[in-house]
Amino acid sequence: MTEKKYQDRITDIGPPDYHDFLPPVVKDNYGQWKYHEILEPGVLVHVAESGAELYTVRVGGTRVMSVDHIREICDIADKYCDGHLRFTTRNNVEFLVSDKSKLEPLKKDLKSRGNKFPIGGTGAGITNIVHTQGWLHCHTPAIDASGVVKAVMDDLFDYFTSMKLPAQVRISLACCLNMCGAVHCSDISILGIHRKPPLVEDNRLDAVCEVPLAIAACPTAAIKPAKKTIEGKEVKTVVVNEERCMFCGNCYTMCSAMPLADYEGDGIALWVGGKVSNSRTAPKFSKLAIPFLPNEPPRWPSTVKAIKKIVEAYAKGAQKYERIGEWIERIGWERFFDQAGITFTHQHIDDYRLAMTTWRTTTQFKW
Amino acid sequence: MTEKKYQDRITDIGPPDYHDFLPPVVKDNYGQWKYHEILEPGVLVHVAESGAELYTVRVGGTRVMSVDHIREICDIADKYCDGHLRFTTRNNVEFLVSDKSKLEPLKKDLKSRGNKFPIGGTGAGITNIVHTQGWLHCHTPAIDASGVVKAVMDDLFDYFTSMKLPAQVRISLACCLNMCGAVHCSDISILGIHRKPPLVEDNRLDAVCEVPLAIAACPTAAIKPAKKTIEGKEVKTVVVNEERCMFCGNCYTMCSAMPLADYEGDGIALWVGGKVSNSRTAPKFSKLAIPFLPNEPPRWPSTVKAIKKIVEAYAKGAQKYERIGEWIERIGWERFFDQAGITFTHQHIDDYRLAMTTWRTTTQFKW
Amino acid sequence: MALKHKTPLLDELEKGPWPSFVTDIKKMAEKKPACDDLLGLMELSYKEKEGHWKHGGIVGVMGYGGGVIGRYCDRPDLFPNIAHFHTMRVNQPTGKYYTSERLRKVCDIWEEHGSGITNMHGSTGDIILLGTTTDKLEPCFQDLTHQANMDIGGSGSALRTPAACLGMSRCEWACIDSQDIIFNLTRTFQDELHRPAWPYKFKIKCSACPNDCVAAIARADCSIIGTWKDNIRIDPEAVRAYAAGEFAPNGNAHGTGPEKLDIQKWVTDLCPTNCMWWDGKELKINDKECTRCMHCINVMPRALRPGKETGATILLGAKAPILEGAQLSSVVIPFIKMEPPYDEFKEFIEKLWEWWDENGKNRERLGELIQRVGLRNFLETMGLQPDPRMINTPRYNPYIFFKEEEVEGGWKRSAEEYRMRHKA
Amino acid sequence: MALKHKTPLLDELEKGPWPSFVTDIKKMAEKKPACDDLLGLMELSYKEKEGHWKHGGIVGVMGYGGGVIGRYCDRPDLFPNIAHFHTMRVNQPTGKYYTSERLRKVCDIWEEHGSGITNMHGSTGDIILLGTTTDKLEPCFQDLTHQANMDIGGSGSALRTPAACLGMSRCEWACIDSQDIIFNLTRTFQDELHRPAWPYKFKIKCSACPNDCVAAIARADCSIIGTWKDNIRIDPEAVRAYAAGEFAPNGNAHGTGPEKLDIQKWVTDLCPTNCMWWDGKELKINDKECTRCMHCINVMPRALRPGKETGATILLGAKAPILEGAQLSSVVIPFIKMEPPYDEFKEFIEKLWEWWDENGKNRERLGELIQRVGLRNFLETMGLQPDPRMINTPRYNPYIFFKEEEVEGGWKRSAEEYRMRHKA
Ligand code: SRM
Ligand code: SRM
Ligand code: SRM
Ligand code: SRM
Ligand code: SF4
Ligand code: SF4
Ligand code: SF4
Ligand code: SF4
Ligand code: SF4
Ligand code: SF4
Ligand code: SF4
Ligand code: SF4
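Residue numbers (the working numbering), protein chains in the order written: chain A, 1 to 367; chain B, 1 to 367; chain C, 1 to 424; chain D, 1 to 424.
Excised from the complex, chain A in its bound form (with noise of 0.2 Å):
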């Protein structure tokens, strides 16, 4: 029922002008910073050209957040930033403070209101878990979002108020193989993974779906066309090689009567050694450390722990701005495996289309 309320549609504005939301100084010195400096973790400085000087306060953002927590940061942001604030690229919160003065203050007040704007994820600490819709809001989902991030961080705390790792670490989310949270070049990854097979409905599959497109959908070709009789009836359906599945999940995407969900099939993969800066080194995907952990809410303990586990053996084993990748990439992936405590599975072999370049092609090994 589209209830019609102004004179005039408008469409195809596109996005609000940025520079409506800059704070002054950023205006003035726009494309003049000079160099930042990180005070504590979670506040940064930016000095111009002309000397001129922008504090920077950062605090763990939840992403999911109600209309009135939004407002409780406009609240702060009126109170000490003249209403200007800003998100980052990873779901943190920043208040922007020109007035030197305000940012005791200010800090002061984040610190009030219990864990609500916790201050940090600067610098060689962990910062804001990119994440996705997971049970709240996604149909395929294998985890929950939200809740698994929120298990973590707590755990990972510590880490995000400080930094006291070798480099950067940056963790990443994604409920499926989808992978919206984009989880494959992150330091550290989690990820949502199916282990069963689709459920083929073959009494509704040729009512709710496009054969042929369920059919071409698979990577691996596992899905042929078939007929069955159901109540007498013959009915269009498809048959899945069960063998040849990955449980990828992209059937289910382009049919509803082919779900995969399941409370034991489904959990969590975890993928080590991303990332994507060109720092030092080139981008690099990150690879299988652990090939299945159970689906555990509502706090994951499992992964939690598998997690710190892998941050520990960094932390003690990686030199000074050596991101994950770069120290594995170091010492060997045997040596990973033996320090993280992980064991290693055919799981880990890769098998499919590239596999063959992951093999190791020399005697170079470590013991």
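Since the hints were made in silico from the structure, they are not lab data.
Below, in silico cross-link-like pairs of lysine-lysine (BS3-like), each with a Cα-Cα straight-line distance of 25 Å or less:
#: 1; chain 1: D; residue 1: 54; chain 2: C; residue 2: 412
#: 2; chain 1: C; residue 1: 15; chain 2: A; residue 2: 305
#: 3; chain 1: C; residue 1: 105; chain 2: C; residue 2: 27
#: 4; chain 1: A; residue 1: 309; chain 2: C; residue 2: 15
#: 5; chain 1: D; residue 1: 412; chain 2: A; residue 2: 233
#: 6; chain 1: A; residue 1: 224; chain 2: D; residue 2: 412
#: 7; chain 1: D; residue 1: 284; chain 2: B; residue 2: 320
#: 8; chain 1: A; residue 1: 316; chain 2: C; residue 2: 265
#: 9; chain 1: B; residue 1: 316; chain 2: D; residue 2: 265
#: 10; chain 1: D; residue 1: 4; chain 2: C; residue 2: 423
Add chains B, C and D with the ligands to chain A, keeping to what the hints say.
Frame of chain A, contents of chains B, C and D with the ligands only:
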């Protein structure tokens, strides 16, 4: 016409026992060698734990050798080595001298025989070129083998008799994509290539080939069955989708009515940067340097020149102990193409199965 | 106010130092029945370990083909207030700067028309307004445009909401004006954003330097990454000050405060190209060999800065794994000037879309198409010259394609003539 | 004696410092008409830039399925003496040591039965006797076995003649007895060598240390490479002597003679694992981190030597590009003891052949089969444990196969039950 000369036919005796051929000093010190030294290019001494010494004089082998040439080698071995000699894995000849006093006379003798027995091929230089049959014996070559090798070795001769390169440079040649010279992992590889799709001989194909085998042979599925009418008679044959042909010659291997060889189409592709040893870096494939150089018998001047240029750029640019591939990886491919004066073309960019793994997925590059 | 659903499992997520989305939603639930049911449904998922949302139908806003994700709960019997629970994607202001004023306006609109729950922000960059019914979409949209001057973002087989790092607004390393570029492109390509017409989705992201703070190289079909061509600018005094311990290394990212920086160990030895020298007094860079990786600049922000001849590297093809496996973007234009109105870039990308649109199969991302037809094919259509900077390594298989016109004498040959030279 | 064919082009190859095969064949041509025609045919190829040999038919020796390559000239009208010109592959003595006596015997046999032209040696390792007619094959074979105690090598879809580096006979680095291993295996597997029964060819090569002087890792379906597990043996005195300039570095491979070796620069800095330290007096190695690359040992042969707990790494799958692209061998057994009679290895390889024979398609090399079915499948059949040493990197795609028995509750599910929890 088998004439039966012997009472019993002996079969499956396998190779002769190598012990029968070892010089006494080798037998006595088998597995007890302590160290070696290259006394001068082509002359090695190996010293055993016992203090015993074995001298080796290495001379260039043509590989294509007449029995008379071998007999001449035997004469020399008899004179200075108690009849002991060996061939290396790269087709050089090694005279094994146990009696040091015979070393100088042997060298003098070798030098007195014209260009037949050049001493060298050790250490940081260029040793013999591993190669294949070419026009001398094979049915699929795009180029000759021994002739190209002779022309290139004449030009690089100075590097055979000296040890002044940053590290060893291993050159190989294969006269077609079958790569019997295993040129896929050499510092420099000379590869005979075709550039015209198979000439389908409709009139004899069905008689001499199994059509399904020919079709299955093609890695790009460029070959399809066809029927044609020749002199009023319908014949079974094939058609080639020429756009999809990359001239691998596998169809010709399966079907002699699909020749690829052509005086204008055939020529040489040059490859660089492969290695086999596990020293420092892992073994590497050779990569395309020059997609095509014309077939220029009798002395292939363009190829000879191009190789010299690569060797010289390497000699100038590399650090000690750095193989060609290691040098290029250090400086980057853009630098290599600059320094070797080679134009980068579409052909350098991979478009086969693993192509995507060769693209540059970083902003890191040089101007 | 007591909530309808007991949530003993979710309650566990109210503990701990990290902010709790559960606590937050619970508060909203007091005034929004949808949020109450949302908690109930989440609790059920936590108990059963299975999600409870169905495939979305096609819902949207008049004249737009995307920007809304339809979503229906599979237990409307238990959670009637979220039986329909669609998402609106709202195009974020570039760089994600806000004023409290505008943000409050969005909050008000969303409290009126939706659940009051958001994601700040979605992975692509949008503001996600999470959960409303079909009839509220249009009024919500109208309020957003009229009151907040905001428009919806992309979904479906269309251009997706482009995103940028904060760039020149607060970063000393910005080589290009990432915010302006993305803002300009988004405004220019509104039609492509709002009316899905392509084989599949297409994402653009822009980072103003190779640190790539918006993860463009991993998450965008077209990654625009700032870079420079001339020399790193060195302030020799500041270099010495780092060595002397006057500054905190790496902008104090390690929390050490000012401390002597071992330039040899932490800068020159870690330079991937080994093109730097430090003799204890002077830092020298052989810029010709530098690959602009940013490491040295990152470690000594007060002493080193990118050069002044700036522009962007354009890389294409990044995507998540479905179907062929994940890809990172690959270099196709090593360097391009990026000055408003960005006409050269726009011509490039329009041509690119045209090619993809014509050649791409259904649900084939750009990167997969290039993979399928080969980089050569792509470069030729786009009129781009092959460049060694586009590859990590030249081909190592001998399967080289040549075209007929490249081969002396062409491909037409006579079997008779061949058999004159060679008896069968 | 004047030769029948003018060879102005080939004559150009008599010039220059490298030995000339043309001069050599010319001399043979004086007594062997086949060689005269061979030169004529080569000259024709040099003129026309096309080869003149036809596909070989199947020719051979009684009871053997291989070892002979049939070859026919496509201009028998011009070169009748090489109308038939088959090749015999003769299994070389392991390590390619000879006495002049035995070699002369081979020469005499080949002068009697063939063209008198050879290849010393073929790429696989055989002595190649180049050019004879069908009727000479059997007598030649009989003379070889009776007079020279030699047998023919492999061809076709069979085991190919195995080859070794010279190893313990003359090299201080040999970790395994490469010659004995290859000799033993070749004698054991005579049937596999002489009677093609497999999907395609299979090659074995053995190098006694990671320098891999027989290029096993690039050229053998099964590469056996010597290695060690304990510590590099260091002679500290000799290390100091290198530093002091008493020895020539790298066994004088750079022709410098004795000169001071900058151990830091040329040894420890080039160690790929950075596991060495040199303080000007003592060299230390953290052997746990060493990957046994051989570099330091190569540079200081008088000071460093492989350890004493020696064995081999087994790698599989190397091959030339046809069809799927070239492959290097990949690690499947990181370490195995290699002691006569090598039973453990023989069991392994027989099992391997059985699996390949059963599963390989026609003309599918082992490496391609493993690629097609996956390493897992292979390892499971062979009873080998997965080991991180088998890979450069774990998978980076999320397409992980699980087996039904690995998943709690198995794969059988009921749609009815699912739809009880989730309304459609
Ligand atoms: C605010 C933000 C940009 C934005 O537009 O929102 C940002 C801001 C800065 N980044 Fe970043 N980066 C931001 C996301 C990223 C990302 C993207 C991501 O993680 O998804 C990356 C790539 C990550 C990767 O490689 O996987 C990123 C890789 C870097 C690097 C490279 C570090 C490296 O050695 O690999 C630097 C340089 C450094 O830290 O030394 C850097 C440096 C910086 C500096 C110091 C730039 C400056 O001079 O102001 C800023 C403060 C750093 C800090 O927080 O310690 N920033 N930075 C993003 C903050 C996210 C957050 O809330 O935590
Ligand atoms: C005789 C021979 C073995 C045989 O069974 O016949 C042999 C013998 C020696 N090799 Fe080798 N290598 C022989 C082929 C090879 C090959 C195989 C090939 O080229 O096809 C390789 C792998 C090549 C590659 O990596 O592409 C090879 C890689 C090495 C290396 C590793 C060099 C590197 O840094 O990569 C060494 C160590 C060194 O030279 O410092 C080495 C060292 C040696 C030593 C010093 C071993 C020793 O202590 O005696 C021998 C003399 C070296 C010299 O000639 O300078 N040998 N060597 C082969 C001589 C071929 C020739 O006629 O030139
Ligand atoms: C909302 C969001 C996740 C989030 O919580 O932030 C999201 C949510 C969905 N994504 Fe996504 N994607 C979101 C960013 C991404 C990203 C990250 C990015 O854009 O930087 C990726 C990886 C990068 C890429 O594009 O490859 C991503 C890769 C996918 C894919 C896999 C595409 C592929 O080519 O591999 C799918 C599956 C599909 O398209 O059918 C997908 C499909 C979906 C769908 C529409 C589910 C579906 O199968 O139809 C999800 C709707 C969830 C819901 O109920 O709201 N989503 N999706 C992100 C969009 C918010 C925004 O507009 O800001
Ligand atoms: C004689 C020899 C070349 C030489 O001049 O030394 C040779 C000659 C031929 N090889 Fe080879 N190969 C020879 C070593 C190799 C090697 C090197 C090696 O063994 O170390 C390789 C690369 C390694 C490998 O096995 O992959 C090699 C890879 C091929 C291939 C491609 C196989 C593949 O899987 O990619 C073919 C094509 C085929 O099998 O159909 C081939 C086919 C051939 C044929 C039989 C031609 C054919 O298509 O039928 C050639 C016969 C030539 C002739 O007229 O005498 N030859 N061939 C080598 C054997 C001599 C010997 O026994 O010592
Ligand atoms: S990752 Fe999968 S389950 Fe999660 S939001 Fe994206 S599409 Fe949905
Ligand atoms: S989940 Fe993926 S692999 Fe399995 S049947 Fe569906 S599309 Fe195929
Ligand atoms: S490389 Fe090709 S042409 Fe040369 S010998 Fe081998 S199969 Fe024959
Ligand atoms: S040469 Fe190779 S690609 Fe061309 S048709 Fe023959 S088999 Fe196919
Ligand atoms: S990408 Fe570069 S310019 Fe942009 S915020 Fe990050 S460091 Fe600054
Ligand atoms: S930017 Fe990177 S490559 Fe360039 S000088 Fe600095 S550290 Fe070296
Ligand atoms: S492989 Fe090793 S053991 Fe064999 S000859 Fe070469 S250096 Fe010596
Ligand atoms: S063998 Fe190689 S890895 Fe081991 S210590 Fe020597 S140089 Fe280092």
